[in-house]
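With chain E held as given, fit chain F onto it using these hints.
Residue numbers (this note's numbering), protein chains in the order written: chain E, 1 to 412; chain F, 1 to 412.
Since the hints were made in silico from the structure, they are not lab data. Quick caveat: nothing in here was measured; it's all calculated off a predicted structure. Please note: incorrect hints may appear among the correct ones.
Since the list can't tell identical chains apart, any single copy or any two copies may satisfy a pair.
[To be verified] DSS-like cross-link-like pairs, simulated, lysine-lysine; straight-line CA separation at most 27 Å: (1) Lys193 - Lys70; (2) Lys152 - Lys70; (3) Lys345 - Lys364; (4) Lys73 - Lys36; (5) Lys36 - Lys125; (6) Lys152 - Lys73; (7) Lys152 - Lys36; (8) Lys273 - Lys125; (9) Lys70 - Lys36; (10) Lys193 - Lys36; (11) Lys152 - Lys193; (12) Lys125 - Lys345; (13) Lys193 - Lys73.
Protein chains: 2
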Amino acid sequence: MSTAPRVVILGGGFAGLYAARSLRNAPVSLTLVDRKNHHVFQPMLYQVATAALNPADIAAPIRSILSSQKNCKVLLAEARRVDLAASVVETDGAPIPFDYLIVGTGASHSYFGHDDWAASAPGLKTIEDALEIRRRVFVAYECAERETDPEKRRAFMTFVVIGAGPTGVEMAGALAEISRRTLARDFRTIDPKSARIILVEGVDRVLPPFPSDLSAAARAQLERLGVEVWTGTRVTGIDEGGVTLGADRVGTRTVIWAAGVQGSSLAASLGVKLDRAGRVPVNPDLSVPGAPHVFVAGDLASVQQDGAQVPGVCPAAMQAGRHAARNVAALIERRTTTPFRYVDKGTFAVIGRGAAVGDLFGWKMSGRLAWLAWLGIHIAFLIGFRNRIIVLIGWAYSYITHRRGARLITGD
Amino acid sequence: MSTAPRVVILGGGFAGLYAARSLRNAPVSLTLVDRKNHHVFQPMLYQVATAALNPADIAAPIRSILSSQKNCKVLLAEARRVDLAASVVETDGAPIPFDYLIVGTGASHSYFGHDDWAASAPGLKTIEDALEIRRRVFVAYECAERETDPEKRRAFMTFVVIGAGPTGVEMAGALAEISRRTLARDFRTIDPKSARIILVEGVDRVLPPFPSDLSAAARAQLERLGVEVWTGTRVTGIDEGGVTLGADRVGTRTVIWAAGVQGSSLAASLGVKLDRAGRVPVNPDLSVPGAPHVFVAGDLASVQQDGAQVPGVCPAAMQAGRHAARNVAALIERRTTTPFRYVDKGTFAVIGRGAAVGDLFGWKMSGRLAWLAWLGIHIAFLIGFRNRIIVLIGWAYSYITHRRGARLITGD
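Bound conformation, chain E alone (with noise of 0.2 Å):
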């Protein structure tokens, strides 16, 4: 149809989002692809695995997004490698020529090579493993409710939670939050605030990205909730009836995994040796070694800048979509590119209701005060009308009430 420059953007999360819509106004012929429908707002995902939200709270279709840009056409199909030499990207579908590729595909969590642990300590990625996580939640006080031995129904009331980074610390607050005040009044056989909340750390101290104080003023806050935070802790083993902690054996029937990162695999079809974690060391254009038409974006990259890695957080994958999405524009207008930097506004980290940890801009903060900065930011960013209104509606419904609305067991 057209002789515009075919531009592809494998993946629909932040990274990718941001550089498609960078590249609206282009003359390209824009396909962004993902396996999923949905842009998922990963920082919230927390939230619908311990049922506070809906899935389409935090969720909204990548087609619906990008319905008004007309130069950008969004396919489902699962991308399975990039073939350089034919540029193409091969899919389960038919395969997408490209001219110019921005790879955004993310990364997952590593079980540091105990796959086997994944069915037992599912990890928190997509809307499905929120879903999953919630029902494994909700299921084991059921079971708990049902059971007669005691040891038993110990092991239904205990959670364990693998890794006390931001994920890891706000599954753990929610969870002691479901027990303390959620469920407090709904059983009749067992007491749901005496469930156990176990976060585990393999390093001594929790948010270790964080300032240390920080870190400090987080583990007061989880442990005034209720949780016991085990830090300087290995895991050595995980199975459906509990976890091995060194020395110690904790009986459970629910683990969560919040530790690790992982590349995607389509990293491996990129023609450079990628770091320990799978992850892709671009060049400071963010462009690929021997690949300068090829750029990543987001958790898949790695990125050096001032003598540490890039975290792996949503604005550094929004930054990084936008830039490499202007260097894409400026190749196709034979300008150079140009070095990518990310600028840290701020990280939060979420305990429970007014319960937080931020840093805004160097300022440190913590307490209801680091909750509402986290909340204002959150829902500005949230995409999409709807979905900006009924999240401050449920979040204002759960905190009046303590209920979670979205309190449902699917699946099987």
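Same frame as chain E, but now just chain F:
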């Protein structure tokens, strides 16, 4: 613990829930058993299937609905068989002894002996069914966008609904709105507006239980939305590639089953000869012939009144659940039971935005007025504060923007 009579209720649908609530002040030890943790507001399930609403908007945890009712315990378990001789319900866990039993396990669709059609033509009874149908509908458009063979593309863009009772009519109308409005501008290759929606009914008019002038009005409104209405048409075959309707063959990849009634399999253990649809022909007081302490309420009961069958609709299930509970209370107080009488306050079927037909206390209406009446009645009935508000906002949003906020494809 107590010597209060043990009343067991099977099923947390409208019959079971209303039975439980009616006994809230009775001196009984109540156990409500359901294999799901949530009650579903069935009349709006098609709204979840067509992505206008979230699962949590029309469902609520049974445990939380009944949390303030201190004499009632809720158990997540699958009832498998009633042992009348031993007065025990056998489940997938421990058996549950009872002094009085109210069975409200409902009915599902009947494939008229063709159970092999179920895989290609799912019915709509649970939240999981609704999400599966939603997934199929939206995936069909995605596949059509990818498909290059015009005949195959046509099949992806053809949707067949079998059965023109209220659920079938509502599904067909909503599918037409999805194609004509929701998706109208989201694709680049296909034109969603060209999708075919076919509604198939064996008898000679849609909404057979309604007065014939309302059937005619409903048909006209469906056709105005672009639905092809095939009355007097019997299905003789369904497979992955299409539907055989007598001499006709329609290529389609999406078939939705909304016909027939099949009582829950639990009925077989109640020691009476079931009717052709597998329902229990109960005594006038809703008790099971030969078992005066066992009652059946809701869709599983076959109740004759004035020479006709009491319909399997929500208001009938609510009334019967309440009545069965009253009769249990009567037996406990050594009074005589009273016969059940269904009071028909009206019925509605919705065709689309501002399009419906209804009969309220004998007052027949159609079009926008019927739709507004339906909306008001159904929101008033929705259980739980959060749901009412959020459902209203969800609808207002859909109404204003023609979008469907919950348009996520999840699952495999």
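Regarding Lys152 and Lys73, is the shortest C-alpha distance of 27 Å or less found within a copy, between copies, in both, or in neither?
between (52 Å within a copy, 21 Å between copies)
Treating 27 Å as the Cα threshold, decide for Lys152 and Lys70: within, between, both or neither.
Between copies, since 26 Å is at most 27 Å while 58 Å is not.
Checking Lys273 and Lys125: alpha-carbon separation at most 27 Å within a copy, between copies, both or neither?
within (25 Å within a copy, 51 Å between copies)
Please sort Lys152 with Lys193 into within, between, both or neither, judging by C-alpha distance up to 27 Å.
within (17 Å within a copy, 56 Å between copies)
At most 27 Å between CA atoms: does that hold for Lys193 and Lys36 within a copy, between copies, both, or neither?
between (38 Å within a copy, 23 Å between copies)
Using 27 Å as the alpha carbon limit, work out where Lys345 and Lys364 are close: within a copy, between copies, both or neither.
Classified as within; 12 Å inside a copy, 61 Å across copies.
Quick one: Lys193 to Lys73, C-alpha cut-off 27 Å, is that within a copy, between copies, both, or neither?
between (50 Å within a copy, 18 Å between copies)
Intra/inter-copy verdict for Lys193 and Lys70 if alpha-carbon distance must be at most 27 Å:
between (53 Å within a copy, 18 Å between copies)
Up to 27 Å between alpha-carbons, please classify Lys152 paired with Lys36: within, between, both or neither.
For Lys152 and Lys36, the Cα distance is within 27 Å only across copies (22 Å; inside one copy 38 Å).
Cα distance capped at 27 Å. Does Lys125 pair with Lys345 within a copy, between copies, both, or neither?
Within. Shortest intra-copy distance 24 Å satisfies the 27 Å Cα cut-off; inter-copy 48 Å does not.
Under a CA distance limit of 27 Å, which applies to Lys70 and Lys36: within one copy, between copies, both, or neither?
Within. Shortest intra-copy distance 21 Å satisfies the 27 Å Cα cut-off; inter-copy 44 Å does not.
Is the C-alpha distance from Lys36 to Lys125 at most 27 Å within one copy, between copies, in both cases, or in neither?
Answer is both: 12 Å inside a copy and 26 Å across each meet the 27 Å cutoff.
When held up to the earlier numbered hints, the structure conflicts with none and fits them all.
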